[in-house]
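J.: Take the sequences, apply the hints, and build the full model.
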Amino acid sequence: MALKPLKIFFDGGARPNPGRIEVAVVARGQVHLFDDLGIGTNGDAEWLALIAALDVAQSLAVLAFDLLGDSRAVIEQASGLVPCRTPAARAYRARFEEAAAAQPPRRLRWIPRAQNLAGIALSRRASGYSGWGPRNR
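1 is the number of the first residue of the sequence shown in the UniProt record's numbering; add one for each residue after it.
Because the hints were derived from the structure by calculation, they are not lab data. Since this is a predicted model, take the numbers as computed values, not measurements. Think of the CB as a built atom: it goes at the ideal place given N, C-alpha and C, for glycine as much as any other residue. Treat the hints with care, since some could be wrong.
[Unchecked claim] Once the Cα atoms are required to be at most 25 Å apart in a straight line, the calculated SDA-like pairs of lysine to any residue come out as:
#	residue 1	residue 2
1	K7	R28
2	K4	A89
3	K7	R95
4	K4	A102
5	K4	W110
6	K7	R113
7	K7	P87
8	K4	C84
9	K7	Q103
10	K7	T86
11	K7	A126
12	K4	R106
13	K7	L33
14	K7	R85
[Claimed, not checked] Computed Cβ-Cβ distance ranges for the label pairs, DEER-style:
#	residue 1	residue 2	range
15	S123	R72	14 to 22 Å
16	A88	L3	18 to 26 Å
17	R72	E97	14 to 22 Å
18	R106	P18	29 to 37 Å
19	R113	D35	16 to 24 Å
20	G19	L63	31 to 39 Å
21	A101	G128	38 to 46 Å
22	P18	L63	14 to 22 Å
T.: Here it is as structure tokens:
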């Protein structure tokens, strides 16, 4: 029987765009929030969210995991399906590939925003909703 991979959700945003970057990762129902990631665009934030999701997944020491996010561009670039057209995207992809070398995700998957638990966590945080009990890392 094959092990079911752990689903790790990620999302990032910049307010305003460009602006302060914030990132959320959800794994096993636990929200991990990352602030103080500098100033950048929403694209920068999505790449940093993917890298943070990889870090969280690897820290959990699971055998198999999938990374799920709602940025089609980042998923396709990180998967190698489309080229990274900017120096920043190429640098983020290299950083992701280097970190993934030790333990790569089973797959990267795009999901709609409404299904992205990390995106929902960021939206709730922005609206002041505290019912999910986020944990800062």
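J.: Taking the earlier hints as the rules, which of them does this structure contradict?
T.: Hints 2, 7, 8, 10, 14, 16 and 22 are the ones this structure does not satisfy, whereas the remaining hints hold.
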